[in-house]
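Asks: Spelled out, the chains give:
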Amino acid sequence: MAPAVIAKIRWWLEDRLGLETVKEFLAHKSVPRHSATMWYYFGGITLFLFGIQVTTGILLLLYYRPSPNEAYESVQFIMTQVDFGWLIRSIHSWAANLMILTAFIHMFSVVFLHAYRAPRELTWLTGIVLLGLALGFGFSGYLLPWNTISYFATRVGTDIAAVVPLIGPPLARFLRGGSDISGGTLTRFFGFHVAVLPGITTLVLLLHLALVQKWNISVPPKVEEEYQRKGQEVPRIPFVPDFVLRELMAWYITLAILGVLAALFPWELGQKADPFAPAPAGIRPEWYFLAPFYTLKLIPSHVWFLEGEVLGVICFGLLAAAWACLPFWASRRDGTIRTRLVTGAGVLLVSYLAVFSALGYWR
Amino acid sequence: MESSRRGIVYWLLGGGLIGSLASFLYPVLRYIRPPEVAQAAVSEAEVGAVNQFPVNSGKVVRFGSKPVLLIRLASDDWRAFSATCTHLACIVQYQPERQRIWCACHNGVYDLNGRVISGPPPRPLEPFDVHLRDGEVIVSKRA
Chain A
1 MAPAVIAKIR
11 WWLEDRLGLE
21 TVKEFLAHKS
31 VPRHSATMWY
41 YFGGITLFLF
51 GIQVTTGILL
61 LLYYRPSPNE
71 AYESVQFIMT
81 QVDFGWLIRS
91 IHSWAANLMI
101 LTAFIHMFSV
111 VFLHAYRAPR
121 ELTWLTGIVL
131 LGLALGFGFS
141 GYLLPWNTIS
151 YFATRVGTDI
161 AAVVPLIGPP
171 LARFLRGGSD
181 ISGGTLTRFF
191 GFHVAVLPGI
201 TTLVLLLHLA
211 LVQKWNISVP
221 PKVEEEYQRK
231 GQEVPRIPFV
241 PDFVLRELMA
251 WYITLAILGV
261 LAALFPWELG
271 QKADPFAPAP
281 AGIRPEWYFL
291 APFYTLKLIP
301 SHVWFLEGEV
311 LGVICFGLLA
321 AAWACLPFWA
331 SRRDGTIRTR
341 LVTGAGVLLV
351 SYLAVFSALG
361 YWR
Chain B
1001 MESSRRGIVY
1011 WLLGGGLIGS
1021 LASFLYPVLR
1031 YIRPPEVAQA
1041 AVSEAEVGAV
1051 NQFPVNSGKV
1061 VRFGSKPVLL
1071 IRLASDDWRA
1081 FSATCTHLAC
1091 IVQYQPERQR
1101 IWCACHNGVY
1111 DLNGRVISGP
1121 PPRPLEPFDV
1131 HLRDGEVIVS
1141 KRA
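Just so you know, the protein sequences line up as chains A and B, in that order. For the first sequence, the tail end lands on 363 under the numbering used here, and the numbers increase by one without skipping. For the second sequence, the tail end lands on 1143 under the numbering used here, and the numbers increase by one without skipping.
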């Protein structure tokens, strides 16, 4: 095509879409650059992995059939008969795990860099909702292959929901689509996984990104103080192309890691679920549910007047609520931040998750 | 006068809006709640021939739509319990080498009377009766 024609099409598109405003905006957008800048990339990497999940999820939908008689067989068909089916499914499973890992890294980097502080409370809250949605994706997607481990994970997970005080029994019934795990549960979880959760996630994600854009990326208090002492401004780099190119590099590295994991360690399918078979020895959930899993193992059957699992669910609920409210209890009345308290709470939580996950895995 | 009339209009509009929203939401909420499916009340089930169950073995069998753990301890010593762990609803199994009932999910252990020995289960397993009829094993609800 002649350059003149290309230029004309480009002008036409720019004019009709108003791209000048976008270009102008991007030309002026900048990002702070300092010793902790690398942690900024994990939010973007999580977003990238979400994109991979959407893409591979759509590809899996072409063959997957959500019924107890066909689900396992259809995944088996994808993995053994469809060209590169094993790879697509393996990428979907590995990317799901990596996405949750990078979401956790992103969250803890926000905590340790104190990026949750005013005026970014809503950015934090929407991020926590997104993490909850990611765990929801993990939980609902886990059942879809209808294999032994996913069947028992869903039995345990929905039974945990059943012990939530007051709303537990109707909530469990709603999740299971009946009184027990059945085809109704599979259909519901499929609906949650491919329609409800993606819809909600897209909306919350847009809000999260809009808030990041509105309040810009935070500079850690220590870095701010350091530059204030020197009487200098924190250096900034242009968003386009500097930051974007660095982020793209991070995405490329992530893609390489994902490709290696998916190709060298293909995700296994296991045995087809049998509602009348005992839970196999050594059964355990995905790594991100290991800490609560092991905690539930340790809590005795009764503590005072409460049954152990009820106490566990109440404690997890309170912990999650306290964690979600972090920006509010972290700030003093004069607006300063209780950095030591937050760092201590963050270290405690990371230690709890790491130690209990390791114990849950090996014991 | 003007403001009170405006107030009434606001109340009517607001009330109408809330009423219409509730009328949309109510059927949706009712719809997402799964209906109760009537299940045939099972009081006993024939679960197989006696020779299908070796001595010192356990097997999860169907009792209607529910799993029941049937254990044969000796040629004439049979036990049956609900196979659903009272902790978080995993399916339990019989461990012949240790002669106990075990849940692999959270390490709950029950004795051969269904009582909790260790681990997090809060209640014993529900017992069932077992009797033999014409070489067949019959599991029935305990009265």
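FYI, nobody ran anything at the bench for these hints, they're computed from the structure. Treat each hint with caution, since some may be false.
As the list claims (entries may be wrong) - Pulled from the structure, derived: some chain B residues nowhere near chain A, Cβ distances all over 10 angstroms:
hint : residue
1    : W1011
2    : G1019
3    : R1033
4    : P1034
5    : A1041
6    : E1044
7    : C1105
8    : P1120
9    : D1129
Claimed, not checked - Covered by chain B, according to a simulated footprint, are these stretches of chain A (three or more residues, beta-carbon under 8 angstroms):
hint : stretch
10   : 280-289
11   : 303-310
Stated by the list, open to error - For each label pair, taking beta carbons as the anchor points, the in silico distance ranges come out as:
hint : chain 1 : residue 1 : chain 2 : residue 2 : range
12   : B       : I1032     : A       : Q213      : 29 to 37 angstroms
13   : B       : G1019     : A       : H28       : 28 to 36 angstroms
14   : B       : A1074     : A       : Q81       : 43 to 51 angstroms
15   : B       : G1015     : A       : P221      : 43 to 51 angstroms
16   : A       : L207      : B       : F1024     : 19 to 27 angstroms
17   : A       : V240      : B       : V1037     : 52 to 60 angstroms
18   : A       : L206      : B       : L1017     : 57 to 65 angstroms
19   : A       : V240      : B       : I1032     : 38 to 46 angstroms
Just so it is clear, the structure is predicted and the values come from calculations on it, not from any experiment. We put the CB at the ideal spot given by N, CA and C, even for glycine.
Asks: Does 52 to 60 angstroms hold as the CB distance between A/V240 and B/V1037, or does it fail?
Replies: holds, 58 angstroms
Asks: Against chain A, does B/E1044 hold up as non-interface, every C-beta pair farther apart than 10 angstroms?
Replies: About 17 angstroms separates B/E1044 from the closest Cβ of chain A, which puts it past 10 angstroms; holds.
Asks: Could you check that no beta carbon of chain A comes within 10 angstroms of the beta carbon of B/P1034?
Replies: violated, 5 angstroms
Asks: Does the Cβ pair A/L207, B/F1024 satisfy 19 to 27 angstroms?
Replies: Given range 19 to 27 angstroms: holds, Cβ gap about 24 angstroms.
Asks: Taking the shortest Cβ-to-Cβ distance between B/D1129 and chain A, state whether it exceeds 10 angstroms.
Replies: holds, 20 angstroms
Asks: Could you see if the CB distance from A/V240 to B/I1032 stays within 38 to 46 angstroms?
Replies: holds, 45 angstroms
Asks: Quick check on a hinted range of 43 to 51 angstroms for B/A1074 and A/Q81, using CB atoms only.
Replies: Check passed, 49 angstroms falls within 43 to 51 angstroms.
Asks: Does B/A1041 sit more than 10 angstroms from chain A, CB to CB?
Replies: holds, 14 angstroms
Asks: May I ask you to test the hint 43 to 51 angstroms on the CB atoms belonging to B/G1015 and A/P221?
Replies: Check passed, 49 angstroms falls within 43 to 51 angstroms.
Asks: Using a Cβ cutoff of 8 angstroms, are there at least 3 residues of the stretch 303-310 of chain A near chain B, or does the coverage claim fail?
Replies: Three-residue rule met by the stretch 303-310 of chain A, so holds; n is 3.
Asks: Could you see if the CB distance from B/G1019 to A/H28 stays within 28 to 36 angstroms?
Replies: violated, 49 angstroms
Asks: Over 10 angstroms from every CB of chain A: does B/P1120 meet that, or does the non-interface label fail?
Replies: violated, 5 angstroms
In terms of the numbered hints stated before, the structure departs from hints 3, 4, 7, 8, 13, 18, listed from lowest to highest.
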